[in-house]
Structure formats: structure tokens, C-alpha cells
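Going line by line, the protein sequences match chains Z and A.
Sequence positions in the first sequence follow my numbering and run 80 to 211.
Sequence positions in the second sequence follow my numbering and run 10 to 74.
It is worth saying that the hints were derived from the structure and are not from the lab.
All the pointers check out, no bait thrown in.
Which chain A residues face chain Z? A few, computed with CB under 7 angstroms, are given here:
id, residue
1, GLN42
2, LEU46
3, TRP68
From the three backbone atoms N, C-alpha and C, an ideal C-beta is built for every residue, glycine too.
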Amino acid sequence: MKQLKTIPSIFLVLLLASCAPILPGNDPVVVNAERTTQLAVDTFNLIEKLEYDTYSAFKQADASAAAQVRKFVNNLRHNQAEWLGSARTLTKSYKENRTAENKASLDTALAVLTSATSEANKYIAEIHAKGL
Amino acid sequence: METTALIALISTLVPVANDVIGWIFKAQATLKQNAELTPEQEAALDAEIAKLKTNPEEWQKEQPI
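Using the sequences plus the hints, can you model the full thing?
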């Protein structure tokens with residue numbers, strides 16, 4: 080049971096859900112962009128709420144780690160509107176004009192979201208590992 | 010076993026917060042998205058993002074270290 084308690088939730092999703100094949104007539108670039116953006120919104124919400132709710136207890140358990148997580152999550156809070164907004168703007172630009180250049184710009188914005196989402200998942204797992 | 014039932018089973022074994030359970034279900038739905046968003050879905054996503062700037066929740070605001 081102790082081992083089960085420490086399984087990061089993200090792994091449950093990875094084990095149990097895989098990306099669905101894209102329906103014919105839909106642009107994989109757009110579908111992937113919209114999936115990535117929605118996943119980022121939800122993951123950012125989760126880590127921000129978790130961090131907010133558990134900060135006091137986390138700080139008591141490990142002040143240094145708590146400060147590190149807070150620093151990351153504050154950076155998210157500060158930048159998320161711009162990052163997410165940029166991804167949405169570039170997705171719409173690409174939909175209007177599906178050029179290689181617009182795709183490249185969109186890919187750059189999505190890479191920022193993917194990186195932040197990945198790091199957020201790491202901290203979600205760290206918070207859970209503390210039993211919080 | 011159906012994925013939803015399996016998640017429900019695991020959630021009884023793994024003591025995680027309700028927030029995380031909700032995220033798991035939402036993430037699963039997102040990963041299963043296989044078509045471009047409808048105009049209504051796009052508007053909902055854009056509204057959620059816009060709210061971060063105009064009217065964020067307390068936990069979405071920067072916190073003192």
C-alpha cells in the first residue's frame with residue numbers, strides 16, 4: 080500500500096489512457112496543439128491548487144523543497160496566461176494559414192507548454208511522495 | 010476492464026486528493042480528443058485562459074515564499 084501511495088498520478092493516466100487516433104479530415108497539428116494546451120491548463124491548475132493547499136504542511140516537512148516548488152509554481156502563475164495565450168493565438172494563425180513557418184512558431188509555443196507541464200508533473204509527484 | 014472502472018478502482022486503493030482524481034478524468038478525456046475543437050469548445054478554452062488574466066482564483070495568484 081505504501082508503494083501504491085507514491086505512484087505519481089500522471090503514470091496512472093499514461094498507463095490507462097493513450098492518445099486517440101485522429102479522425103480523418105482533422106489536422107493532426109491542430110488536434111495536438113489543442114490537446115497540449117488543454118492538458119497544460121489542467122495540469123497548471125492542479126499544481127497551483129495542490130501547492131497552495133499543501134504549502135504550510137510541505138514547509139514544515141521540508142522547507143527547502145517547499146520553497147523550490149513554490150518558486151516554480153509562482154513562475155507558472157506569473158507566465159501561464161502569456162504562454163497559454165500565445166499557444167492559442169499561434170494555433171489560430173496556423174489554422175488560418177497552414178504554412179511551415181506558422182507550424183514552426185506553433186511548435187515553439189507548444190514546446191514551452193510541454194516543458195512546463197512535464198516539470199509540473201514532477202512536482203505533483205514530489206508533493207504526493209511527501210504524503211501531502 | 011473498462012478504463013473508467015479501472016480508474017475508479019485504483020482511486021479507492023490510492024489515497025489521492027479529489028483534485029487529482031478530477032485531473033485524471035479530465036486528462037484522460039483530453040488525450041482521447043481525436044478531432045479539432047468545435048467553436049464552442051474553443052471559446053470555453055479561450056475563456057478559461059482569459060480568466061487567468063482578468064479574474065484569477067486566489068491559488069492562481071503568485072504567493073509569498
